[in-house]
Amino acid sequence: MRILVNGDWRETAGSDLASVLRELGYADAVVATALNGEFVAVAARARAHLTEGDRVEVLAPMQGG
Amino acid sequence: MLRLYDTEIRSRLLLGTSRYPSPALLTQAIQAARCEVVTVSLRRESSGERAGQGFWSIIRSLPVRVLPNTAGCHSVKEAVTTAHMAREVFNTSWIKLEVIGEDDTLQPDVFGLVEAARILIGEGFQVFPYMTEDLVVAERLLAAGCRVLMPWGAPIGSGRGLNNLFGLAALRAHFPDVPLVIDAGIGVPSHAAQALEMGFDAVLINTAVAEARHPAQMAGAFAQAVEAGWTARQAGPMTPRDMATPSTPVIGQAFLR
Numbered sequence: 000m001r002i003l004v005n006g007d008w009r010e011t012a013g014s015d016l017a018s019v020l021r022e023l024g025y026a027d028a029v030v031a032t033a034l035n036g037e038f039v040a041v042a043a044r045a046r047a048h049l050t051e052g053d054r055v056e057v058l059a060p061m062q063g064g
Numbered sequence: 000m001l002r003l004y005d006t007e008i009r010s011r012l013l014l015g016t017s018r019y020p021s022p023a024l025l026t027q028a029i030q031a032a033r034c035e036v037v038t039v040s041l042r043r044e045s046s047g048e049r050a051g052q053g054f055w056s057i058i059r060s061l062p063v064r065v066l067p068n069t070a071g072c073h074s075v076k077e078a079v080t081t082a083h084m085a086r087e088v089f090n091t092s093w094i095k096l097e098v099i100g101e102d103d104t105l106q107p108d109v110f111g112l113v114e115a116a117r118i119l120i121g122e123g124f125q126v127f128p129y130m131t132e133d134l135v136v137a138e139r140l141l142a143a144g145c146r147v148l149m150p151w152g153a154p155i156g157s158g159r160g161l162n163n164l165f166g167l168a169a170l171r172a173h174f175p176d177v178p179l180v181i182d183a184g185i186g187v188p189s190h191a192a193q194a195l196e197m198g199f200d201a202v203l204i205n206t207a208v209a210e211a212r213h214p215a216q217m218a219g220a221f222a223q224a225v226e227a228g229w230t231a232r233q234a235g236p237m238t239p240r241d242m243a244t245p246s247t248p249v250i251g252q253a254f255l256r
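Those protein sequence lines, which keep their order, are chains R and D. Numbering-wise, numbering that gives the first Met the number 0 puts 10 at position 11 of the first sequence, and it's gapless, one number per residue. Numbering-wise, numbering that gives the first Met the number 0 puts 226 at position 227 of the second sequence, and it's gapless, one number per residue.
Treat the hints as calculated values from the structure; they're not laboratory data. Misleading hints may appear alongside valid ones.
Said to hold, decoys possible - Listed below are the simulated DMTMM-like cross-link pairs for lysine to aspartate or glutamate, each with C-alpha atoms no more than 20 Å apart in a straight line: (1) LYS76/D / GLU114/D; (2) LYS76/D / ASP53/R; (3) LYS76/D / GLU122/D; (4) LYS76/D / GLU48/D; (5) LYS76/D / GLU37/R; (6) LYS76/D / GLU87/D.
Keep in mind that this is a model prediction, so the values were computed, not measured.
Required output: the full structure, derived from the provided sequences and hints.
Here's what the structure looks like:
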């Protein structure tokens, strides 16, 4: 399945957000996620099912003013 | 002590963490500023570089509280969603709410700001709204439940100081009991001292420190200026006059002509 992760198309085997994050190497990272523009909390990632073309955002702490 | 919602802090200098030449210089600047609050943001994380993880481990090692921002958000929805994400990642209900309305000046969209503030306060956030010095906007934000306001001094990153002294003085006078933090536009320590002398409770500085030739030295200079401005405000500044008045007594002056 192809999904957009942080603006890049990625081929993934997982069908929910938690497994896709593990697959893409974010397993132990401090990140917040959104699916198609909606926030998905850590506890809800395993229930967040993905379909072809979904947009996933994976954000981390960064410098800010 | 300065009370920001239910938190009391000693330092009236808040520091941004962006645009420093290196993580080491950022750390030195935070230490030299002796600040207790730093602003942070959320950006896309690459699973390869993991830049955000490195940054976060530096900030977590320092004795500071974080104030996450919604920088770059142009709509209420973006800002609210970013706030939700920030609350989870940073484990704080504090949010520096920015809803940008115009790209050249990064002027806040005050209509979206009030709407987003109302939503977030309803969800338990403690909102620090980045606003213009407009009195009516301030009223609306307070009515929405904001207990701290962050008026701009000048456009973000411009270093132009306090652009509208009259408007800022009016804001201070209208809301004597609301913590007011000058956010954005401060370029040199004298601007910060001026803000505190005018009665503002604190200043948030980023570019002026980060882009200084020696960021830690400049952070220290800002700490001194904020301390001087605050102390001067407590001491009660004199009232300016239009004409000279001799400071040396006239009575008793010798007649030597």
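Hint-by-hint comparison with the structure:
| no. | hint | in the structure |
| --- | --- | --- |
| 1 | LYS76/D / GLU114/D | holds (10 Å) |
| 2 | LYS76/D / ASP53/R | holds (19 Å) |
| 3 | LYS76/D / GLU122/D | holds (14 Å) |
| 4 | LYS76/D / GLU48/D | violated (29 Å) |
| 5 | LYS76/D / GLU37/R | holds (9 Å) |
| 6 | LYS76/D / GLU87/D | holds (17 Å) |
The structure fails to meet hint 4 from the earlier list, while all remaining hints are met.
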